[in-house]
Structures are given as structure tokens and as C-alpha cells.
Amino acid sequence: MIRSETIVPRSLADALRVLIRRDVIPIAGGTDILVKLHDRIDRPWPQLIVLDNIKQLKKIDVGRGHIDIGAMATFTDIERSKILSKYAMPLVTAVSLAGSVQIRNRATIGGNIANASPAGDTIPPLFVLDAQIELRSAKSVRLVKIADFFNGPGKTILKSGELITKIRIPLSDYPGFFLRLGTRKALAISKVSVAGRFKITSNSIAEARVALGAVAPTVIRAAKTEKFLNGKTLDEATIEKAAEIVRDEARPIDDIRSSAEYRKNMVGVLLKRGLRGLMNGFVNAD
Amino acid sequence: MKLTFKLNGKKTLIDAPGNMRLIDLLRERLELTGTKEGCGKGECGACTVLLDNQAVCSCLVLSAQIDGRSLITIEGAEKMKEAEALRTAFAETGAIQCGFCTPGMILSAAALLRTHRKLSAAQIKRHLAGNLCRCTGYSKIIEAVEAAAIKLKNGKRK
Chain B
1 MIRSETIVPR SLADALRVLI RRDVIPIAGG TDILVKLHDR IDRPWPQLIV
51 LDNIKQLKKI DVGRGHIDIG AMATFTDIER SKILSKYAMP LVTAVSLAGS
101 VQIRNRATIG GNIANASPAG DTIPPLFVLD AQIELRSAKS VRLVKIADFF
151 NGPGKTILKS GELITKIRIP LSDYPGFFLR LGTRKALAIS KVSVAGRFKI
201 TSNSIAEARV ALGAVAPTVI RAAKTEKFLN GKTLDEATIE KAAEIVRDEA
251 RPIDDIRSSA EYRKNMVGVL LKRGLRGLMN GFVNAD
Chain W
1 MKLTFKLNGK KTLIDAPGNM RLIDLLRERL ELTGTKEGCG KGECGACTVL
51 LDNQAVCSCL VLSAQIDGRS LITIEGAEKM KEAEALRTAF AETGAIQCGF
101 CTPGMILSAA ALLRTHRKLS AAQIKRHLAG NLCRCTGYSK IIEAVEAAAI
151 KLKNGKRK
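So the sequence lines, in the order shown, correspond to chains B and W.
Take the first sequence: its letter number 255 is residue 255 in our numbering, and every next letter is one higher.
Take the second sequence: its letter number 67 is residue 67 in our numbering, and every next letter is one higher.
So that you can see chain B by itself, here it is in the shape it has in the complex (with noise of 0.2 Å):
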């Protein structure tokens, strides 16, 4: 077995300067990567830099009208955080659904996000929640939508030298939520995820937002179920004919944690649970 040496630097100046080079990976929490590397331990393992000694990147911060989150908090960070649980609540559900105790307190928000996984469970969240991501080199720094930053499962628009370091969210305390479902609660990545976000006045949707995970080679905003709930009172009729309408939005395949038909099926039950949750006045249920 063949390793080469492992970078550990201890500024985020230092880890932009070492990503010029071509050959090294980024490593945050590793609940992914060494999943993936476990599988060829037998050739060599490209060089990577670990980023745990980077205190900045760790950092959940209020600033004017947002909430920064370093890439490098970890979901139990993220679970723990009372600031994210006022205002960020589908992203907290969504934390505390995933993985294990274990997972939860090595896994990063910026690593699901490198991740690019369709069924990476923070990213619905970070959709309706109207994200954005700082992406940094050792020359530049862009702030991108969290909607623009995928490309198709796995692929991105981060380029080469470029780390994910912060994900900004505005704040805004309309009610939301995050519906999962996989093959078992714990451990299992996501067969459907459905995350929402309303502004609701007087019982009427203002303005509504809903992503879909795993039903798209990348997380999907439901722009024809958002265009129909907006103006409508919250009603069982409302809530059965946006179900509707999501299921045929959701464009999935077959793979080996579910079938297109399932998915397609399901996407409209979360939806409806969503829904009816929020017009019963539990937000954010599970």
C-alpha cells in the first residue's frame, strides 16, 4: 500500500496556498471520502489536506441580516446551534436525520456539499433556505447560489484551487421543513427528500419554496408546485392538488435504493405531510 504524506495546514491561508497544486484533495469531516478510498486501499491514495486545524472554518457567526456557517461545522454543530434552530430549522432537521451519533460528529456541511450527492441531505435545506456559498482560492473569492454550485451527481462548478468556506444564509424565521425517507432511520441515505419553506399570511402562501432531493441528478427547486401554491389558502384541497403537481416534477430514475414509480409517489406524500404539518401548526416535524 502506497501513501503519500498528508498535509495538515494550519490557516486557511496556508490550505489555499497548497491547493494550487493539482494532485491534492481536500479532506473535511471524511465520512465520504474515506468511504470511497476504503474501496481501493490497495493503490495509492492522492495527497490530502486535512482541514480540522482550521479554527475559522469551524465558526457559526451572525452578521448583518445572515448567518454565516463555516464549511467545516459539523452537523452536530449544526444540531446544537440555537441560532441555526430559529433560523434555519429544515437545515437542523435535516442534521440531526443524518447518518449516526459518529457520522454526525465528523460530517461538514461544506464536505455534503463538495459531495454533491442528489441525495445529500443538507442541500434541499440550503435551497429553500435561499443559500449561498463562498467559494475561496489563494487569488479570489466568489459568493455563488447554492442553486448554481451543482453541475450533476458529483460534479460542480468549484474549480481547480477553489474551497468551499463558508455558506451564508439570510435570516428570515418563516416556517419550514425536511421529510426524509430511507431504508432505515438511521444510516441510510436519502431514497426522497423533500425540503419546504412558506411565507404565510393570514393563511394564505405569500410565497413558497420546496426542493426535492434524490429525484434529479441534482437537488431541484419545484418551480411548477412553488408558481401553484403561491396565493393559495392552506387547505386540504391546496395541499392534494400541489402533491400532484411535485410528482410530476420530480424527474427519478431506478437505482439500488429505489425505483422512479416509489420515488415519484413519495415525493408527493412528503410533500402532503409537509404541508399538513405546517397548516396544523407543526413546522419542521418529522
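Please keep in mind that the hints were generated in silico from the structure rather than gathered at the bench.
Yeah, the Cβ is synthetic: ideal placement off N, Cα and C, and Gly gets one too.
Treat each hint with caution, since some may be false.
Think about it this way: if two alpha-carbon atoms lie no more than 20 Å apart in a straight line, the pair counts; the simulated EDC-like pairs of lysine to aspartate or glutamate are [to be verified]: (1) W/Lys-2 <-> B/Glu-5; (2) W/Lys-41 <-> B/Asp-42; (3) B/Lys-227 <-> B/Glu-79; (4) W/Lys-79 <-> W/Asp-52.
Far from chain B, by Cβ distances over 12 Å, these chain W residues were calculated [as the list claims (entries may be wrong)]: (5) Gly-9; (6) Thr-12; (7) Arg-27; (8) Gly-34; (9) Thr-48; (10) Asp-52; (11) Thr-88; (12) Ala-91; (13) Glu-92; (14) Gly-94; (15) Phe-100; (16) Cys-135; (17) Gly-137.
Following the hints, complete the assembly by docking chain W onto the known chain B.
Coordinates of chain W only, in the frame set by chain B:
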């Protein structure tokens, strides 16, 4: 790379490849074979250790990631009162069958008991969801954790 960390309360220095998995560092270099490897993919929890008092799968941590940090393995559990209470409770309750999952179970439960002394069975189940027992003796394991929690709570009052 040169690594310095606290292992079961003792300052430890070792020269090891930074990308050696923590479980290999423990078992092969430090000869601490109490930590078991099950799946090697973070699904079974047999390799659970405490990193800065948090339960983690040692198959999904690299040696370079523990530099400067504190580590507790099952070999050092007797120094941690929660783990010691669990060890006794597991034996008394009969929560051990083949024993392969036990080190991981005890350390996972110890991390929970460090912060929570009043626990429902549902909380224990949720917390131990990352630890599989293929003998499927879960009822006794949950009973043992409940017993240890009660013991620790009563012990504190005295």
C-alpha cells in the same frame, strides 16, 4: 508525520503516516486491539472511540486528524466513570453476547451519559443507532444503559 495526542489520559508521541486510519494506528502501531473493525465504512460502530469526548468511527478518521487532540479507547474506559458504570451494567444485565460490538457500544453510550443522566429508551436507541449488534441483543443493551444512567444519577446524589 510526528503526532502528539492524549491517549487514555496519557501524552503520546508517535511517528506514523498522517493518512493511516486511526483504527490501524490503534490496533497495529499502538497494539490496542480492544477497538474492533467491523465494516470499515462507518456503518457498524464497532470501531467507535471518543475524540475530544465525542463518539467517532476510528475507521473514518485519519491519524493526521487527531494531532493535538484527546482520545479515549476501550482500554482507557476504566478511567472514565460513565464507561466504568456501563462496563459493570453490561456484565450484570447480560448485555454481552459475542462481545464484538461491546467496546463501541460502551464508548457510544459513555458519550451520551457524559451529557445526559436522565434518559428515555427512545433517546438511548436514537443515540446508539450507529452501533450494530449482530447477535441482536439490543433489549439488554438498552437496559444496561438505563441501569448505568440510574447508577450514575444516584451516585451523584450521595
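Status of the hints after comparison with the structure:
1. W/Lys-2 <-> B/Glu-5: Judged against 20 Å, a Cα distance of about 11 Å means the pair holds.
2. W/Lys-41 <-> B/Asp-42: 16 Å, holds
3. B/Lys-227 <-> B/Glu-79: Roughly 31 Å between the alpha carbons, so the hint for B/Lys-227 and B/Glu-79 is violated.
4. W/Lys-79 <-> W/Asp-52: 15 Å, holds
5. Gly-9: About 21 Å separates W/Gly-9 from the closest Cβ of chain B, which puts it past 12 Å; holds.
6. Thr-12: 17 Å, holds
7. Arg-27: 15 Å, holds
8. Gly-34: It holds; W/Gly-34 is separated from chain B by about 17 Å at its closest Cβ, greater than 12 Å.
9. Thr-48: 6 Å, violated
10. Asp-52: Check fails; 9 Å does not lie beyond 12 Å.
11. Thr-88: Per Cβ check, W/Thr-88 is outside 12 Å of chain B; nearest 23 Å; holds.
12. Ala-91: 24 Å, holds
13. Glu-92: Its Cβ never comes within 12 Å of chain B, the nearest being 25 Å, so this holds.
14. Gly-94: Fine: 24 Å to the nearest Cβ keeps W/Gly-94 off the interface.
15. Phe-100: Since the minimum Cβ distance to chain B is about 16 Å, W/Phe-100 lies beyond 12 Å and the statement holds.
16. Cys-135: 18 Å, holds
17. Gly-137: 18 Å, holds
The structure shown violates the earlier hints numbered 3, 9 and 10.
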